[in-house]
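Student: When you get a sec, could you build the whole thing from the sequences and use the hints?
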Amino acid sequence: MALLTDSPDRIRERDARRAAGRKRNVGSHLFLIVLVVYFLTPLWWLIVGSTKSNSGLFVGSGGPLWFNDEFALVDNIKGLFEHQNGIYWTWLGNSFLYALTGGIGATLVAVLAGYGFAKYRFPGRNALFSTLLGAVMVPLTALVIPTFILLSNMHLTNTRWAVILPSLLSPIGVYLMRVYTQDAVPDELLDAARVDGAGELRTFVRVALPLLKPAIVTVLLLSVVATWNNFFLPLAVLNDPNLLPVTVGLNNWQALSNAGSGGEQVWNLIVTGSFVSIIPLVIAFLTMQRYWRGGLSLGALK
Amino acid sequence: MSTLTEPEQAPAPPEPTPTKQPKQYRSIEHRRQWWGWLFVAPFTLVFILFLIVPLVVAFWMSLHTNTLASGNAFTGLDNYVKAFTDPLFLDGLKRVAAFVVVMIPAQMLVAISAALVLDNLTTWLSRFSRLMIFIPYAIPVVIGAIMWGFLYSPRFGPATDIFGLFGATPPDFLAQGTVFYSLVNIVTWQWSGYFMIIIYAALRGIDSSIYEAARVDGANGWQVALRIKLPMISSSMVMVVIFSLIGTLQFFTEPQVLRGVAQGAIPVSYTPNMYAYTLAFSYSQFNYAAAISFALGIVVFIGSYLFLFLTRKQSGLK
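Protein sequences appear in the order of chains A and B. If you're matching positions, the first sequence starts at 1 in full-length UniProt numbering and goes up one per residue. If you're matching positions, the second sequence starts at 1 in full-length UniProt numbering and goes up one per residue.
The set of hints was computed from the structure by calculation and includes no laboratory data. This structure is a prediction, so every number in the text was calculated from the model and none was measured. Glycine residues also receive a C-beta, built at the ideal position from the N, C-alpha and C atoms. One should not assume that every hint holds.
A short, non-exhaustive set of chain A residues, derived as facing chain B with CB atoms under 7 angstroms [unchecked claim]: (1) 59; (2) 60; (3) 62.
Across the chosen pairs, the derived CB separations fall in these ranges [what the hints assert, rightly or not]: (4) A/214 / B/109: 25 to 35 angstroms; (5) A/55 / B/282: 25 to 35 angstroms; (6) B/60 / A/197: 47 to 57 angstroms; (7) A/133 / B/59: 15 to 25 angstroms.
Listed next, the stretches of chain A that the computed footprint assigns to chain B, with coverage defined by at least 3 CB atoms under 8 angstroms from CB atoms of chain B [claimed, not checked]: (8) 28–37; (9) 82–88; (10) 100–113; (11) 156–168; (12) 218–227; (13) 272–282.
Tutor: Here it is as C-alpha cells:
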C-alpha cells in the first residue's frame with residue numbers, strides 16, 4: 001500500500017503532477033474540439049443545406065448553419081430524379097463503375113507486380129523497378145493532356161475506357177505491395193509449397209495471397225478513392241454528359257448555375273447531389289477504419 | 001532514394017553456388033525467372049501504355065508547332081523557349097511556388113500538432129477526433145471545393161451571420177487578394193487529416209520505452225515531443241512533404257472549381273496546369289499545351305528531387 005507509506009511531501013508532489021497532467025489534457029482536448037469543429041463545419045453545412053429548397057438556401061429562417069422551417073430533403077432527392085431526366089443517377093453509377101473497375105484493376109495489377117518484384121530475380125528487374133520509383137515522382141496530372149492526346153489517337157476519347165484504362169496505373173501501389181510482400185511472405189514458405197509440388201501460380205494464390213490481405217485492402221482502398229476523386233482526367237477525355245462521373249457532372253451544374261441562366265439555377269440539387277455522393281465513401285471509411293489505419297502507414301513506416 | 005529500395009538490401013537467402021547446382025535445378029531456376037516476368041507483365045504493359053508512351057508522345061508534340069500556313073512543323077525547343085518566357089506560365093509557376101511556401105507549412109502544422117496530441121491521449125474524444133479530422137480525405141476534391149465555394153459566398157455562407165455577431169462585415173473571401181488564402185484553407189482542410197494519419201501511425205511505431213528513459217532523465221512533454229518524437233519520425237514527415245509538394249505544384253482542381261464562383265479573381269492561367277488545360281481545350285493549342293505540361297513535369301521532378309537531396313540527412317535517404 002504505497003499510499004499509506006508515502007510521505008506527505010511525495011503525495012503532494014504526485015497530486016500536483018496529476019493535476020498538471022489533467023490541465024494539459026484539458027488543453028489538448030480543447031485543441032481537438034477546435035479542430036473537429038473546423039473539419040466538420042463544411043459537412044454540417046452540407047447536411048443542413050441538403051434539406052433546403054433553392055430559395056431556402058439564400059433566405060431561410062435558420063440561417064446557413066441551421067435547418068429552416070421547411071424540410072425539403074425529399075423534394076430535393078425527387079428533384080435529382082427529375083432534373084435532366086435523372087442524369088445525376090447515371091453520373092453516380094458511372095462513378096461507381098469507374099472507381100470499382102479502375103480500383104480493382106489497379107489493385108490486381110499492383111499485387112501481381114509487387115509479388116513478382118519481391119519474390120523473383122529476373123533479368124531487367126532492377127532497371128524496371130528503378131524506373132517505377134522515378135514514376136512515383138512523375139506528376140500524374142501533368143500526364144493528363146499527353147494521355148488525352150494518346151487516347152484520341154487510339155479513338156478512345158469519349159468512351160468509358162478513357163477513364164478506366166489510365167486508372168490502372170498505380171506505381172505507388174506496386175511499390176507498397178512489393179515492400180509488404182518482402183516482409184509478409186517468407187521465401188521458405190514458398191519453397192516449401194514448391195517442394196510439395198505446387199506450381200508457381202498455385203503457390204501465389206494459395207500461399208502468398210492470404211498473407212497479403214491487409215496490403216491488398218489498403219491498395220484497393222487507395223486506388224478506389226483515387227479513381228472516385230479523379231476530376232482532371234474525365235474532364236479532359238469525356239464530352240458525352242451520359243459518361244461523366246458525379247464529380248465532373250456536379251461541377252458542370254455549378255458552372256451553369258453560376259452563369260446565371262434562370263432555368264439552370266439548381267443550387268439545391270448541387271448541394272443535395274454533393275451530399276448523396278459523399279455518403280458511400282464516408283461510410284466505407286468509417287466502417288473500414290481498421291484497415292486503412294494500419295494500411296495508410298504502410299509506406300510511412302518503411 | 002535508397003530507403004525506397006531498402007528491401008533490396010535485406011539479407012537475401014544464401015543462393016546456392018552455381019557450381020554445386022545440379023543441371024536440372026538450374027533450369028528450374030531459369031524457368032522460374034520467367035514467372036517473375038509474367039507477374040510483372042500486366043503492370044509493365046500499363047506502365048508503358050499510360051506513362052512512357054504519353055510522355056514520349058507529349059515530348060514529340062512539344063517539339064512541333066502547328067500553324068495554318070505550314071501545318072505541323074518541327075520547331076525544336078521553340079515551345080520551351082516560349083514557355084519559359086511566357087509571362088502567363090511564369091506567373092503560374094510563381095503562384096504555385098507561393099502556394100508551396102504557405103500551404104505546406106499550414107498543412108504540416110495542423111497535421112503534426114494533431115498527431116502529437118492524439119498520440120498522447122487515449123480518450124473517447126481523441127478516437128472520435130482522429131476519425132473526424134481524417135473524414136475530409138474521403139470527400140472528392142471537387143465536392144470539397146464546391147462546399148467551400150458555398151461557404152465563402154456572401155449569399156449562401158455563414159460568414160455574414162458570424163461576423164454580424166460582432167457587428168463586423170466579413171471580408172470578401174473570393175476577391176483578388178484573398179482568394180489565395182481561401183484556396184490554402186480548402187487544401188489544408190482536405191489533406192491535413194490524411195497527413196495526420198500517416199504521421200500518427202509513425203508516432204505509434206516508436207518504442208515507448210524511449211519515452212520512459214527520457215522521463216527518467218527529466219524531459220517534460222514538450223521536450224519529448226520536440227527532441228524525440230519529431231526527429232524519430234522525420235522520414236515520414238519528409239514523405240508527407242513530398243506528397244504535398246507534388247500535389248501543390250500540380251494545383252488544378254480547387255482553383256478550377258472555385259473559378260466559377262470567384263468571377264475574375266482566378267484567371268484561366270492561375271496555375272500552370274490550368275493554363276495547359278485552357279490552351280489545349282479552349283484554344284486547341286495542343287503542341288504548346290504539351291510543352292507546358294512537360295515543362296511543369298520537369299519542374300516538379302527537379303523540385304521533389306531537390307527537396308529529397310536537401311533533407312537527405314533528416315530522412316535517412318542517403
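Student: Now, for every hint given, state plainly whether the structure supports it.
Tutor: Here is what the structure says about each hint:
1. 59: This hint is violated: residue 59 of chain A lies away from chain B, its Cβ roughly 9 angstroms from the closest one there, beyond 7 angstroms.
2. 60: Residue 60 of chain A check fails; min Cβ-Cβ to chain B is 10 angstroms, beyond 7 angstroms.
3. 62: Violated: closest Cβ of chain B sits about 10 angstroms from residue 62 of chain A, beyond 7 angstroms.
4. A/214 / B/109: 25 to 35 angstroms: 31 angstroms Cβ-Cβ, so the 25 to 35 angstroms window holds.
5. A/55 / B/282: 25 to 35 angstroms: 34 angstroms, holds
6. B/60 / A/197: 47 to 57 angstroms: 51 angstroms, holds
7. A/133 / B/59: 15 to 25 angstroms: Holds, at about 21 angstroms.
8. 28–37: It holds: at least three residues are needed, and the region 28–37 of chain A offers 7 whose Cβ sits within less than 8 angstroms of chain B.
9. 82–88: violated (count 0)
10. 100–113: holds (count 5)
11. 156–168: That given contact holds, which follows from 3 residues of the region 156–168 of chain A lying within Cβ reach (below 8 angstroms) of chain B.
12. 218–227: It is violated: at least three residues are needed, and the region 218–227 of chain A offers just 1 whose Cβ sits closer than 8 angstroms to chain B.
13. 272–282: holds (count 5)
Against the hints set out earlier in the document, violations occur for numbers 1, 2, 3, 9 and 12.
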